[in-house]
Amino acid sequence: MKSLGIFRRSFAPWADPNAKPFISFRNVTKRFGDFTAVDNLSLDIFTREFFALLGGSGCGKSTLLRMLAGFEQPTSGEITLDGQSLAGIPPYRRPVNMMFQSYALFPHMTVEKNIAFGLKQDGMPKTEIAERVAQMLKLVKLESFAGRKPHQLSGGQRQRVALARSLAKRPKVLLLDEPLGALDKKLREETQFELMDLQYELGLTFVVVTHDQEEAMTMSDRIAVMSQGRVIQVATPAEIYEAPNSRFVAEFIGDVNMMEGRVALENGHSVLKTEDGVSVPLPEPLAEGREVALAVRPEKLKVSRAAPPEGANLYAVRGEIWDIAYFGDMTVFHVKLPSGKIVKASSLNATRGVEDPFGYDEQIWVSFEPQAGVVLKG
Amino acid sequence: MQNAISAVTRRLVILIPYGWLLFFFLIPFLIVLRISMSTTAVAMPPYTPVFDWTGGWESIRASLSQLSLDNYTWLAGDPLYFNAYISSLLIALVSTALTLLVAYPMAYGMAKAPTTIRPTLVMLVILPFWTSFLIRVYAWIGILKPEGLFNQFLLSLGLISEPLIILNTNWAIYIGIVYCYLPFMVLPLYSALEKMDHSLTEAALDLGCTPIQAFWRVTFPLSLPGVIAGCLLVFIPAVGEFVIPDLLGGSETLMIGRTLWNEFNGNRDWPVSSAVAVVLLLLLVIPIMLFQNAQARAERAEREGR
Amino acid sequence: MVRWSRFNIASIVFGFAFLYLPIVLLVIYSFNESRLVTVWTGFSTKWYGTLLTNQALLDAAWVTLRVGLLSASASTVLGTLAALSLSRYPDFRGRVLFSGMIYAPLVMPEVITGLSMLLLFVAIGIDRGFWTVTLAHTTFTMCFVAVVVQSRLQSFDRSIEEAAMDLGATPVATFFQVTLPIILPAVLSGWVLAFTLSLDDLVIASFTSGPGATTLPMRIYSQVRLGVTPEINAICTILIGVVACGTLIAALATRRRELQRQKDERAAFAESMVRTVDPPPAAAGG
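Protein chains in written order, with the UniProt record's numbering: chain A, 1 to 378; chain B, 1 to 306; chain C, 1 to 286.
It should be emphasised that the hints constitute simulated quantities derived from the structure, not laboratory data. Hints should not be assumed to be uniformly reliable.
[Unchecked claim] Partner residues aside, some chain B positions facing chain C, computed with beta carbon under 7 angstroms: (1) F220; (2) N293; (3) Q295.
[Unchecked claim] Here's a subset of chain C near chain B, in silico, CB distances under 7 angstroms, partners left out: (4) L84; (5) L119; (6) D200.
[As the list claims (entries may be wrong)] With a straight-line Cα cutoff of 30 angstroms, these simulated DSBU-like cross-link-like pairs (lysine-lysine) come out: (7) C:K263 - B:K195; (8) A:K113 - C:K46; (9) A:K141 - C:K263; (10) C:K46 - A:K186; (11) A:K138 - C:K46; (12) A:K149 - C:K46; (13) A:K273 - A:K186.
Note that beta-carbon positions come from the ideal geometry of N, C-alpha and C, so glycine has one too.
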């Protein structure tokens, strides 16, 4: 089988059955009154991993992070760090540090004092503190801002101070709660890469909570997609995108065309009989009569004027261009199939000029390869 | 171990102020309640029964059995007290309405003022509150008395030929209450009006309301929480007011705070004055609960708004 | 666009005239030469001179000052603790009763509070005097402190405290190093409020004080009942002057801090705008 995604990962401890997880959630449940925030969840995170918890608001991702930091206690289940249970250890005795969504900088202290705060609590000698603070300031490129107070800094600078402060104690794990949420789009993109570089250089384990799928896809080694207190899928970004394990994940990440129907056998191949009455080739053989859904990403669909060649084992159907969305880097065609169903097909605007562009209401062909889709049984 | 320490800290943080208030606020009320059911005696303290803790359960039971509601039946039977309660409520009601009339345009004007001067205006409203209550009431004596500045002013304008008698009438009490409690009304009104989105009025005007209709149909209903908070903050203390009726009101003006004071300091009848206090408190229980409810709601709104 | 109409201006002017005119007149007539308070005969400061020889008045002022300082300090500690319990511990047994006891004294008629305190002191057999007034004032002013501090705690970003604990500070260390410095302005204004309320109180002090502990309001009250005199105008003017100066200084200090803060924020914003255009300068001003 081909590899998913177009680059190879050299770091993959989760694939090694002998690797010991660094952080481990075992059947963790957290209830607030009647509300179950985290529901019997088990999860392993490995050392030096950049791990993202992704999900909508109220899915339990922040609660999970706060249990790791010690601000909430699990109702049942156990969390271990480096083989040791964290139960009953208050936040101020845990070897993890957190970067808060609001940054939570101490407004009455200078940048320097903010960064030194955690070191002072540990009773580190003054000269060492000064050394470490200087080092951290250099790391986040804020040397000239040491004497400023938080309100004298811009949003991006505050974010760096928060990062420096949480890294100053050299925690085993850094927890980041929506670390880029308060930044504008441009700055967010820059900072993503800085965070990745920093994590790699320092060799730390990062657990980041985010609701932004692009952010999670860009930065992390693995993503846990969460919904209603459960982990739906834990996998690399490429697996999450190309091989979602459920409708929820397929629809949550990126855009998707969902084709539903029953499995039938045609010419020795498994096909999906859709409500259009068309046969869609399936990427794998399946039992006849079964109800499944096939998820196909828009960029895997091809739009053309000419009918695709016979016998190419492609799924091809005629349709009408219903809507066109132009994004600059690509164009998304909304094509109305004879059944009335609308599918999306995106095409990269790889050249500046096009000879004979598509127009509204035009009759065209939509086609894709059998391997382009993923069968969702759930 | 650390957790144990933080549990102890937590307990102390709660227990110290809690215990203080129980001892100095709640228990005194229970004592008032008990004394209101005792009878007057020429002794120190001037009431019986006094609980004799040393005598054990029997003597406590004995003193409990002596408790009676006589003072309350006496209060109910004496028109002096009944009238005092009624007139306290009426005076407080009229003064609250007058305060609202003066305060609303003021708060409205402040909320409409340019944003740069709003904090200054708010400070100017609060500032008189910092000067002594007594001084502020006293200042009005010099103004309102027959040969006072107000009458001098009106006489010199030729508007009146005889000095108006205002001091030692209910009007003086109204003026005093409006004056002293004005900030309590203006501030909640202002904060309700200031939070209001100006585009709401614009939307009402856009949809065809005249400015006056827009005010009555949009602005005023939305400021009601402020109106209620302000009215309660004026009404409740006004009912039990002592200084204002004593200094500005006439000798025939009956207000319950003053009656209580006289009963206690003049007649030294502790059981009856305790009963007067208990009844006054019962009268105020409903407005106080309303006030607490409003406070709790505002608190919750603040928390959820964050 | 907000329109400030003539009606708005008129109602504000009328309102403030109503609030300030009596006080201004009182101050003016304290400099009146005549003993008749309402007839202006000429400028004089003699009434201020006679105050200095009035020993009873000076004694009362001294009692009031001591009661105020002591009770304000005690009630600030108690009120801050109460505010902390209310806003930091959302559920403990008897919380409803507790918050009731915090809010009730704010609106409770003073005669009731005074009477009940007095009966408590009698019941436990304490002689009334300086200490009973101080205890009573501590009790009723702590509720005001609690409300002021609580509103500050309510708007306080809880994650700042969590950050401190996350960085290794115990709850007690977090309170003293992070929470207290941040809520300090509210605590201080709570203290000032408590002090002012204590200076101002007549009714509760009258109930709970005893021989030798006559406060200034009690002294003024007993003189006012006898009629309006220029000496009282003079005392009042001094008290108003002290309060006005204190408020003015506090307001100016707050305003300066606020202006500085706004300036800093604008500077930081402008700088970040520049930084998005240019790479950050190697040594920007610190």
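**Q.** Hints violated by the structure (numbers, ascending)
**A.** Checked against the structure, the hints that fail are numbers 1, 2, 8, 10, 11, 12, 13, while the rest are satisfied.
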